[in-house]
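Peer 1: For this one, chain A is given, so just place chain B on it according to the hints.
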Amino acid sequence: MNLTIQVNEGPYQHQASDSAYFFTKAALEKGHEIFRVFFYHDGVNNGTRLTTPPQDDRNVVKRWSELAAEHDLDLVICVAAAQRRGIVDDGEAERNKKDATNIAPGFRISGLGQLVEGGIQSDRLVVFGD
Amino acid sequence: MSILHLVNKSPYERDSLDTAVDYMLDGDTMLLIEDGVYAAMSGGKAASKISGMKVSVLGPDLAARGISEEKLVDGVTVVDYAGFVDLVESNDKVQSWL
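Protein chains in written order, with my numbering: chain A, 1 to 130; chain B, 1 to 98.
Since the hints were made in silico from the structure, they are not lab data. From a predicted model like this one, the values you see are computed outputs, not experimental measurements. Beta carbons are placed, not taken as given, at the ideal position from N, Cα and C, and that holds for glycine. Certain hints may be false.
Which residues of chain B face chain A? A few of them, derived with a C-beta cut under 7 Å, are [stated by the list, open to error]:
1) 84
2) 94
3) 96
Each computed DSS-like pair below joins lysine-lysine, with the alpha-carbon atoms no more than 27 Å apart [said to hold, decoys possible]:
4) 25(A) / 54(B)
5) 93(B) / 49(B)
6) 45(B) / 71(B)
7) 49(B) / 71(B)
8) 98(A) / 62(A)
9) 62(A) / 25(A)
10) 71(B) / 54(B)
11) 54(B) / 93(B)
12) 54(B) / 30(A)
13) 62(A) / 30(A)
14) 93(B) / 30(A)
15) 93(B) / 25(A)
Isolated chain A, as found in the complex (with noise of 0.2 Å):
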């Protein structure tokens, strides 16, 4: 099974991340495919690099990173969500002038069509948020 995964919320504030990790994890570990993880809204949050949650916490941002390197994930940033709370790459940082890049290893940005396409090339499309 090919899936695509939406996380709608931020880490730390709500459960959506940890539930959403843990699921795709699953996944993963059954064999099946996941063709993409979009992070919208306030999800958008999990993707910088700039975050240090004490070391006896879950580190949400570094878990997506790594299992992202380890299985090749596509996990793609909202451009507009992330314009708003201040995510940055190369790309933005040029493009709006901002002085500093905060996105995480593994994390790309881009529009929303790469939600669209997830929900139509993926036989599954499971949404998590608040």
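Peer 2: Same frame as chain A, now just chain B:
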């Protein structure tokens, strides 16, 4: 065609469970996750609404809230994340009632 209905809110907080129940058709399944697991408690507010329906509950979210499996409404089955994936696969569509 069958639909997996995901409910993640406590019935004491929002009415998403009621909405999901209203939309459920024969052959559909409901999966309770996150605070939605409170709906699966026998004697609770939602117990009569879900009895007789195909309802599963996510075990790790039950455990995180200190609810033992003996407290569940009869007929509710407990699944882990692998079981969650299986439910997504065995139904044609997934609807999250956020």
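Peer 1: Regarding the pair residue 54(B) and residue 30(A), is the alpha-carbon distance no greater than 27 Å?
Peer 2: holds, 24 Å
Peer 1: Between residue 49(B) and residue 71(B), is the straight-line Cα distance small enough, at 27 Å or below?
Peer 2: The hint holds at about 16 Å.
Peer 1: When you check the alpha-carbon spacing of residue 62(A) and residue 30(A), does it fall within 27 Å?
Peer 2: Holds, because 22 Å separates the two Cα atoms, which is no more than 27 Å.
Peer 1: Holds or violated: residue 45(B) and residue 71(B), Cα atoms, limit 27 Å.
Peer 2: Since the Cα atoms of residue 45(B) and residue 71(B) sit roughly 13 Å apart, the hinted pair holds (cutoff 27 Å).
Peer 1: Given the hint that residue 93(B) pairs with residue 25(A), does the C-alpha gap stay at or below 27 Å?
Peer 2: holds, 20 Å
Peer 1: Measure nothing beyond the straight line between the CA atoms of residue 98(A) and residue 62(A); if it is 27 Å or shorter, mark the hint as holding.
Peer 2: OK: residue 98(A) and residue 62(A) at ~24 Å, within 27 Å.
Peer 1: Hint check: residue 93(B) vs residue 49(B), CA-CA at most 27 Å. Holds or violated?
Peer 2: holds, 22 Å
Peer 1: With 7 Å as the cut and Cβ atoms as the points, is residue 84(B) at the interface with chain A?
Peer 2: With Cβ-Cβ at 6 Å, under 7 Å, it holds.
Peer 1: CA of residue 62(A) to CA of residue 25(A), is that 27 Å or under?
Peer 2: holds, 14 Å
Peer 1: Are residue 54(B) and residue 93(B) close enough, with their CA atoms no more than 27 Å apart?
Peer 2: holds, 16 Å
Peer 1: Is the interface hint satisfied for residue 94(B)? The criterion is a beta-carbon contact with chain A at less than 7 Å.
Peer 2: holds, 5 Å
Peer 1: Given the hinted pair residue 25(A) and residue 54(B), is their alpha-carbon gap at most 27 Å?
Peer 2: The hint holds at about 25 Å.
Comparing the model with each earlier hint shows no violations; every hint is respected.
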